[in-house]
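Enquirer: Listed below are the residues making up each chain.
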Amino acid sequence: MASLTLDGLTKSYGDVAVVKSVSLDVRDGEFLVLLGPSGCGKTTTLRMIAGFVPPSGGSIRIGDQDITGLPPWKRNAGLVFQSYALFPHMTVAQNVAFGLEMRKTARSEVAPRVAEALRLVRLDGFGERYPRQLSGGQQQRVALARALVIRPDVLLLDEPLSNLDAKLRLQVRLEIRALQQQTGLTTVMVTHDQEEALTMADRLVVMSDGAVRQLGTQSDLYERPADLFVADFVGRSTMIAGTVTAPGAFRSDGGLVLTCPASAVKGPATIALRPERLTLGPAAHGLDNHVPGAVSFVSYLGAMLDVHVRLNATDHVVVQVPNRSDGLAPAVGDAIEVGWPASACLVFPREAI
Amino acid sequence: MAHVSQRPVGEPGNLTAAGLLVPATIFVAIGLLVPIAILFRYSLNAFVPGKLMVDALTIANYVKFFTDPFYLQVLWRTVRVAVACTIFCLIFGFPLAYVLARTQSRHKNLLVMAIVLPLFVGNAVRAAGWMVAFGSKGFVNASLMGMGLISVPIEIMYTEMAVVIGIIAVNMPFMVLTLQSVIEGIDRNVEEAAFSLGAPPMTMAIRVLFPLALPGILAGVILTFILAMNAYATPVLLGGPKFQTMGPLVFSTFAQQNNWPFGGAVSFILMTVTLILTVASSLLIRRRYA
Ligand SMILES: Nc1ncnc2c1ncn2[C@@H]1O[C@H](COP(=O)(O)OP(=O)(O)OP(=O)(O)O)[C@@H](O)[C@H]1O
Ligand SMILES: [Mg+2]
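Those protein sequence lines, which keep their order, are chains G and E. The opening residue of the first sequence carries number 1 in the numbering used here; numbering runs sequentially from there. The opening residue of the second sequence carries number 1 in the numbering used here; numbering runs sequentially from there.
Derived from the structure by calculation, the hints contain no laboratory data. As the structure is a computational prediction, the values presented were derived from the model and not from experiment. Every residue, glycine too, gets a C-beta built ideally from N, C-alpha and C. Take the hints with a grain of salt, since some may be wrong.
Label pairs and their computed distance ranges (CB to CB) [stated by the list, open to error]:
1) G/E101 with E/R287: 18 to 24 Å
2) E/L33 with G/K74: 40 to 46 Å
3) E/T25 with G/Q133: 54 to 60 Å
4) G/E101 with E/Y62: 22 to 28 Å
5) G/E109 with E/N109: 47 to 53 Å
6) G/M304 with E/P200: 53 to 59 Å
7) G/A178 with E/S281: 50 to 56 Å
8) E/V116 with G/R119: 37 to 43 Å
9) G/G57 with E/H107: 23 to 29 Å
Derived list of chain G stretches under chain E, where covered just means 3 residues or more per stretch with a C-beta under 8 Å from a C-beta of chain E [claimed, not checked]:
10) 78-87
11) 94-107
12) 329-343
When you get a sec, could you build the whole thing from the sequences and use the hints?
Expert: As structure tokens, this is what we get:
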């Protein structure tokens, strides 16, 4: 177990840079999630750490050993693939024992460690089966046991849950997190599912277009997004485009005059609003911003309702309200007032996205 | 109104399946089994010079083959050459097939074409090409002498080596294409999993790649071995008149000596030996890797 450091890691294919100078510090025992839209370079970054993609620049360190030039079989990294990649011609026990054999572990020690790893993923008794005789979730757990048994310095997971159905995904998600905490393994997981990322990570890295946009905890990303991209990608936001005309004063392209935090920089800007920070109805009246509008759409989410409110020809907001059965659910076409405090406005310079 | 079947789409009834199989079965029976049966019957006939074939039921032809050192020598040489060719095809073909299967190059189709291209030229024409290359003033000797490696041309033509090289060149595409299609079906991530668990490339190949490629290795070995055992043009042209193998022997017995019973026996022996060795090698490879 050790920390993992990426320093200016870069990968180009021809003229195209797909990973652009990524620097990260994954602490010992930390669960770090790489989050980003499809094609932003998450897998490429992870494969550089595993040693399958030679970086075009930068370095990778585990603890204080530079592993940038080491081939994959000399890095002590446990890798779990999206497709599981179990050896189809070996039993579950042989799969798990493979890494130990490669490490020339004493034969007497192999069997107990394989058994222990299988117990850890709750598959004791499955040792004699072949991968094809297991369900997807069970295969995923074998893959995990196979990576854990070698006691890797870092555990690398590339979308480990994307081949599982929704229900199983929730369960395996918790299992992986529990296992990681139990073993204290430094872990890097790649996903483009933000809910998965938010529930599992100690810290998250948001990537886009090959570069790190922000590194932080869940609340850092959600409440203090570094830029419009992060505000849009993590959680949901509605955007209002306009201009900061004076400290704390914002004028939308649609003509709304709003109060925003005084720290906002003057010039063209976009305000991002989290749906749950907005208030509907009479209660809106006492807030910094309150605007009359008309309900254009209501989407039913079970415990919550998303109420889309049109404020004028160009601006609209989404408001999330609890679904109470007090008969006050807004209906499409209702005239309604929307309000929010200045602090709910996340203001970003316009060209950021 | 036509009758509408109640069967779900895509689930052919037994009758249809049988119906579809009938032509193929008849073709195999007439095209393959009947000639073999006739051949076997011929091989039990007697040969009387001048009268050609005489109806009989004798094993004299088989006794003649297995008691004459000349014929045994021909059989042994054929097996030796075929085994050598098959082993070399496998050793050289596997890396080539692997690269072909795993390459991300845009020119992959060109590479496959380059492998297949030699098949567009008939065996005889190709062997003629080799004759030019192997001759005492040919390309090989000329280059070796040009580089100063040898001073007197070496004898390549009419040696076993010439025949082995010639047959390898003929059979290689079959081996490579068979292996390539199987390797392409192996998940690249499985190889990477082995690497990440600490297996260096050779260990990965032995423990993961070869066992998973086994069906392709078997198919490739069987295919090239059968082709090598039955080679005709290459041994005749590159081995010369004294380098007798089973294929040419069958032909000369039938066509030149007009000895149909003995020709039948030689054919039958060739077929049986090929079959036995094929089955034996399959079992051996299977036991080694599965
Ligand atoms: N071998 C390659 N040659 C050229 N370009 C590549 C290669 N591998 C990946 N890329 C490009 O690099 C970019 C990043 O790919 P990567 O697989 O890292 O994305 P990702 O973030 O994992 O996406 P996803 O969420 O869809 O898995 C993509 O635009 C991809 O087309
Ligand atoms: Mg990916």
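Enquirer: State for each hint whether it applies.
Expert: Right, here's what the structure says about each hint:
no.: 1; hint: G/E101 with E/R287: 18 to 24 Å; in the structure: 21 Å, holds
no.: 2; hint: E/L33 with G/K74: 40 to 46 Å; in the structure: 57 Å, violated
no.: 3; hint: E/T25 with G/Q133: 54 to 60 Å; in the structure: 36 Å, violated
no.: 4; hint: G/E101 with E/Y62: 22 to 28 Å; in the structure: 52 Å, violated
no.: 5; hint: G/E109 with E/N109: 47 to 53 Å; in the structure: 50 Å, holds
no.: 6; hint: G/M304 with E/P200: 53 to 59 Å; in the structure: 54 Å, holds
no.: 7; hint: G/A178 with E/S281: 50 to 56 Å; in the structure: 51 Å, holds
no.: 8; hint: E/V116 with G/R119: 37 to 43 Å; in the structure: 53 Å, violated
no.: 9; hint: G/G57 with E/H107: 23 to 29 Å; in the structure: 28 Å, holds
no.: 10; hint: 78-87; in the structure: holds (count 7)
no.: 11; hint: 94-107; in the structure: holds (count 4)
no.: 12; hint: 329-343; in the structure: violated (count 0)
When held up to the earlier numbered hints, the structure conflicts with 2, 3, 4, 8 and 12 and fits the remainder.
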